[in-house]
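Based on the sequences and whatever the hints tell you, model everything.
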Amino acid sequence: MESLYKEIDNQRDFIISLYKEFIPIKALGPENGGEGEYSRAIKLKEIMEKYFDEVKEIDVKDERVPSKVRPNLIGTIKGRNQSKTLWIIAHMDTVPEGDRSLWKFDPFSITVDGDYIYGRGVEDDGQAIVLGITLAKVLKELNLTPNINFSLLISADEETGSKYGVSYLAKNYSLFNKDDIILIPDAGNPEGSMIEVAEKSILWLKFTVIGKQAHASTPEKGINAHLLSMILGVTLYEELHEKYDAKNELFEPPTSTFEITKVEKNVENVNTIPGKHTFYMDCRILPQYDVDDVLNTINEIVKRFEAENNCKVEVEVVNREDTTRPTDENSETVKLLKNAIKAVKGIDAKAIGIGGGTYAKYLRSLGLNPVVWMTCDETAHEPNEYVRISYILSDLKVISYMLM
Numbered sequence: 390m391e392s393l394y395k396e397i398d399n400q401r402d403f404i405i406s407l408y409k410e411f412i413p414i415k416a417l418g419p420e421n422g423g424e425g426e427y428s429r430a431i432k433l434k435e436i437m438e439k440y441f442d443e444v445k446e447i448d449v450k451d452e453r454v455p456s457k458v459r460p461n462l463i464g465t466i467k468g469r470n471q472s473k474t475l476w477i478i479a480h481m482d483t484v485p486e487g488d489r490s491l492w493k494f495d496p497f498s499i500t501v502d503g504d505y506i507y508g509r510g511v512e513d514d515g516q517a518i519v520l521g522i523t524l525a526k527v528l529k530e531l532n533l534t535p536n537i538n539f540s541l542l543i544s545a546d547e548e549t550g551s552k553y554g555v556s557y558l559a560k561n562y563s564l565f566n567k568d569d570i571i572l573i574p575d576a577g578n579p580e581g582s583m584i585e586v587a588e589k590s591i592l593w594l595k596f597t598v599i600g601k602q603a604h605a606s607t608p609e610k611g612i613n614a615h616l617l618s619m620i621l622g623v624t625l626y627e628e629l630h631e632k633y634d635a636k637n638e639l640f641e642p643p644t645s646t647f648e649i650t651k652v653e654k655n656v657e658n659v660n661t662i663p664g665k666h667t668f669y670m671d672c673r674i675l676p677q678y679d680v681d682d683v684l685n686t687i688n689e690i691v692k693r694f695e696a697e698n699n700c701k702v703e704v705e706v707v708n709r710e711d712t713t714r715p716t717d718e719n720s721e722t723v724k725l726l727k728n729a730i731k732a733v734k735g736i737d738a739k740a741i742g743i744g745g746g747t748y749a750k751y752l753r754s755l756g757l758n759p760v761v762w763m764t765c766d767e768t769a770h771e772p773n774e775y776v777r778i779s780y781i782l783s784d785l786k787v788i789s790y791m792l793m
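Position one of the sequence shown corresponds to residue 390 (our numbering), numbered consecutively onward.
Do not rely on the hints blindly, as some may be mistaken.
Below, in silico cross-link-like pairs of lysine-lysine (DSS-like), each with a Cα-Cα straight-line distance of 30 Å or less [unchecked claim]:
id : residue 1 : residue 2
1  : Lys526    : Lys439
2  : Lys526    : Lys395
3  : Lys632    : Lys473
4  : Lys654    : Lys610
FYI, nobody ran anything at the bench for these hints, they're computed from the structure.
Quick caveat: nothing in here was measured; it's all calculated off a predicted structure.
See the structure below:
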């Protein structure tokens, strides 16, 4: 292992150059105003073909993007035992940069500052892509055959529901065996001590409050949809947190969350009372609660609010992802990863649950035991998103320990 670890430590320049090849190629889903992942996939496939024994592309039709498809790439290095595979599952799509003024650097180019690499998507989920490709490169250059197969799946559409990515693949292809080791580097902490084995249910809702537009100087002639939206948002926030107040210490935070997030533009001018206002809520619900029950509660609150305020409220489910059973904490994957982290980092890792959604839930629904793990400072979706090269090198050693 020492020669392998030594070669991993020499990969700094390659890691930087790899990021420079694919991060500048935008990969935004159409829901986020983008054209999909096809251009980025072409570049990644070209790189993967240098280091993997075989590379497959599975395209999923999507008429909304210029290419008409959402690409998914699978690279494989064959092991001595070809009946079992260690998977790294990554995604190539990213979220938009958000408020550009908050960035110190161009989000769609790479800025290197010592141990830090800045850019949109370098952590989420570029880190997983870099881990998979760099490990394949090291194995090839050292002419090493792993104990079991090593596969890297880079998929589409993680950020907006995975309809064209892992969710689709899980339903329509038999890619995984029950004994496979499945690692999803899509969440973590700075110590690398967090192994995600469970997720909350996700519910995104769109609320459109319809009142009556009027001049701001005569509010009595209108029904202020913006003001009512604010009141409704607070009402939902308070009542949902009060009713669904259970704690589960496996998760951080340990409670369900109900957050008001996006709002849509209403009127152009200051002196008009808006007659229509739209806002969104992001709900992360503990597994012990039924999502249908939460929806029923929300509809009851809305119905009461309409009657009390002489308005109409339309409620739309934008996204719903019910959680599945957790990964077995006594599974081979969890035990193997814990042992590898202990051997490389010298720390004891622990199993946890998260509020964010990952590919893991689709695989858990198949009876598999995937884990979500990496070492990161949790800058995903933030301005000035970054990764640390030292974290990547350390994680490469952990994964190689699991593989060899």
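Hint by hint, here is what the structure shows:
The suggested pairing of Lys526 with Lys439 holds, with an alpha-carbon distance near 8 Å, which does not exceed 30 Å. The hinted pair formed by Lys526 and Lys395 meets the criterion: a straight-line CA distance of about 14 Å does not exceed 30 Å. Straight-line distance between C-alpha atoms of Lys632 and Lys473 comes to about 45 Å, which puts the hinted pair past the 30 Å bound. For the proposed pair Lys654 and Lys610, the alpha carbon gap of about 22 Å is at most 30 Å, so the pair holds.
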